[in-house]
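The two chains are supplied separately, each in an independent frame; assemble them into the complex guided by the hints.
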Amino acid sequence: MLPNAVCAGPVTFVAQTTDNIYRPVEIIAIPNNTVYMLEVRALGRSGSDRAGYIRRALIYREGGLAALQGVVNTPLTRESAGTWDVTIQVSGVNVQIVVRGAAEQTVDWQMSYTFEEVS
Amino acid sequence: MAGFPPGINMTFAVRGGGGGGSGGMSDECGGFTVNTYADNAYHTIASLSVVRNPTIIEVRAVGRRTDAAGRAGYVRRAVVYRDPSSGNAVILNAFDTTFTRELNTVWNVRLVVNGYKVEIQVRGGAGTVNWRVSWVFSPVTRGMLTTDGVYHTLQIIPILDDSVCLLEVPVVGLRADADGSSGYLHRAIVYRTGGGAATLLKTVDSSLTRETVVAWDSTIQVSGNDALIVVRGAVGQTVSWKSSYTLEELI
Chain A
12 MLPNAVCAGP
22 VTFVAQTTDN
32 IYRPVEIIAI
42 PNNTVYMLEV
52 RALGRSGSDR
62 AGYIRRALIY
72 REGGLAALQG
82 VVNTPLTRES
92 AGTWDVTIQV
102 SGVNVQIVVR
112 GAAEQTVDWQ
122 MSYTFEEVS
Chain B
-3 MAGFPPGINM
7 TFAVRGGGGG
17 GSGGMSDECG
27 GFTVNTYADN
37 AYHTIASLSV
47 VRNPTIIEVR
57 AVGRRTDAAG
67 RAGYVRRAVV
77 YRDPSSGNAV
87 ILNAFDTTFT
97 RELNTVWNVR
107 LVVNGYKVEI
117 QVRGGAGTVN
127 WRVSWVFSPV
137 TRGMLTTDGV
147 YHTLQIIPIL
157 DDSVCLLEVP
167 VVGLRADADG
177 SSGYLHRAIV
187 YRTGGGAATL
197 LKTVDSSLTR
207 ETVVAWDSTI
217 QVSGNDALIV
227 VRGAVGQTVS
237 WKSSYTLEEL
247 I
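In order, the protein sequences belong to chains A and B. Every number in my numbering is 11 more than the matching position in the first sequence, counting from 1. With my numbering, the residue at position 236 of the second sequence is 232, and numbering never jumps.
To be clear, the hints were calculated from the coordinates, so they are not data collected in a lab. Keep in mind that the hints are not guaranteed to be accurate.
As the list claims (entries may be wrong) - Reference listing, derived: stretches of chain B covered by chain A, where coverage requires no fewer than 3 residues with Cβ under 8 Å from a Cβ of chain A: (1) 102 to 113; (2) 120 to 129; (3) 239 to 247.
Said to hold, decoys possible - Stretch by stretch, here's where chain B covers chain A in the computed footprint (C-beta under 8 Å, at least three residues): (4) 53 to 66; (5) 116 to 129.
As the list claims (entries may be wrong) - In silico contact screen, one side only, chain B against chain A (beta carbon under 7 Å); selected entries: (6) Arg183; (7) Tyr187; (8) Leu197; (9) Asp201.
Glycine residues also receive a C-beta, built at the ideal position from the N, C-alpha and C atoms.
Next comes chain B alone, as it looks inside the complex (with noise of 0.2 Å):
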């Protein structure tokens, strides 16, 4: 997701299984805006519909001050679920805070709910301050149900033979007969020489995992020639998983 929008299709080498795109101001998938505040207040510099459910959220700022020195600059991401009761956005445990670099730690950047909607605010100091803030929804468009508590494959990747591989996975599960849902982004190194199989490189980097169930999981896996994503729900449970992926290879 970081670094890599959606579906994009470069020419040498980064292949993905996800849909749509970002850019522009505001559409499902992503957008940007930029603005100034000039106090110490929170301000709500992008409210967001959550259309997919539950979808992934990743959001980077970069803020600095002109009147006098002030910079700062962040990444979070959260995993945002519509409430089936009620219909509103809710942040599945806690949003993440995944970068933090400042000079002031009065400023912040999170993200909170409103009705249906996330909302970015960000919050400098006193004087005034430009920030530019875009984000990205992870586009996981292949499905499957699961209704048991054993791993199932829901993505196969062919890798490639004599190639190293930066493979980013995010997962998102949804309880289907009941409240509950889920959502995962991993990362991993996977490679193939010599005509040998599909090789983890160390361990897969699960950066974000926020889930209801805690038996729920998904992960990267490989087998023969390919890696795999796989999902895991619970028994009794009937579990709709989605996933997409990015994949950077070195040939």
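Chain A extracted, bound-state conformation (with noise of 0.2 Å):
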């Protein structure tokens, strides 16, 4: 019988943040017995400035919690305000997508995304 495995995305969506806490715009689900590789693109603006990332993570669940199979990947950063940040995280059986922007800056974030996984 043939492995269970789908692909999906880019799965694209915008988000905003206010403040310099690590904030999850994307909460995604994974299932139980599975491996997951998923790569984020992610650019960001705030009046005078701007920052563009790529980030990639292998997440798995092996009868219990969401996990990350070595470090995230990034491999392309490029920004003007140093605070600024994309990454990947795990929480419960979730895999989240978190941003930072900077303190009393409105950062508008444009997001997407694409996954494999294999079951």
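What follows is the structure in structure tokens.
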């Protein structure tokens, strides 16, 4: 029997931050007994600042919570404001795309992601 | 290339200069396959004809062991061309191990050539491993010839005012009067603000560079309100260049 495997994307959405705290802007449930490769692209803009990011990660669940296999890959980071950031985290059975802007700065974010999974 | 199938037309600001599409099981531009193997030998999970010459292929693979703990994810890229005398596929220099995350380092995904085809091979460890593998060939379509050693503009990409753009550009070159080829993948963040000119945010990321003639080059530049894809061959060499691009923009 062939393995159960899917892919999707790009899934696109927008977000906004007004502080310098990591905020989840997308929460993706990871099915149990699944390996999930995620690639995220992000653009941010606020007045005089801007940034662009690409992030990749391998996430899995094997009967428990979602976990990262190794570290998040950061193939592209270009930013004019040093506090800004985009990364991938796990929380419970989910993987989260999180962004961080700067205090007292309204940052508009445009995000997209693709994924591939096998179980 | 990564993440955005060529020519995709997003409703909110992704535009591209490529043609064709991806998906399905095995077309010229891209596809995917799944399979299960139960040993630690390399298995050819996909065998793909090299139609465009040269071409850039990107492969993504995820594997999961079903009878015990085991998992891995890979991204591999390569510039592949057809040898002008034999017609066989050749991986220029070596394939690029763009991304590797694995529990067991015995596992691997690699690209090899076999005749006029490029093969995607996977290797698990002991036990049963389910694999999903997808691939995309860069749809390089916009072309020009160079016969000298100066930069020429291959494509002009207008940048909207008050926007930030993530530009991704595959470029390939093929010498028309002798053997020689190259392939590049560039990324850059380009922006305009307040009616000003297009500006690069820091440097161009050229994460893939494969070339038989080191004097050749390609990159992304800005001029006026535009981003430019530029190429450089060598004096006395006729080089056929092709490129495309995808552009995500936040307006």
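Cross-check of the supplied hints:
Check on the segment 102 to 113 of chain B: 0 of its residues sit with their Cβ under 8 Å from a Cβ of chain A, so the three-residue criterion for coverage is violated. Check on the segment 120 to 129 of chain B: 3 of its residues sit with their Cβ under 8 Å from a Cβ of chain A, so the three-residue criterion for coverage holds. Coverage of a stretch by a chain is defined here by at least three residues with a beta carbon nearer than 8 Å to that chain's beta carbons; for the segment 239 to 247 of chain B and chain A the count is 3, and the condition holds. Evaluation of the coverage hint for the segment 53 to 66 of chain A: fulfilled, as 8 residues show C-beta separations to chain B shorter than 8 Å, against a requirement of three.
Taking a C-beta to C-beta cut-off of 8 Å, the segment 116 to 129 of chain A contributes 9 residues in contact with chain B, enough for the three needed, and the coverage statement holds. Hint status for Arg183 (chain B): holds, given a least beta-carbon distance of 6 Å to chain A, under 7 Å. Interface hint status for Tyr187 (chain B): upheld, as the beta-carbon distance to the closest one in chain A is roughly 5 Å, under 7 Å. At about 5 Å, the closest approach between the beta carbon of Leu197 (chain B) and any beta carbon in chain A falls short of 7 Å, and the interface hint on this residue holds.
A cut of 7 Å between beta carbons decides the hint on Asp201 (chain B): the least distance to chain A is about 5 Å, and the hint holds.
In this structure, the one hint that does not hold is number 1.
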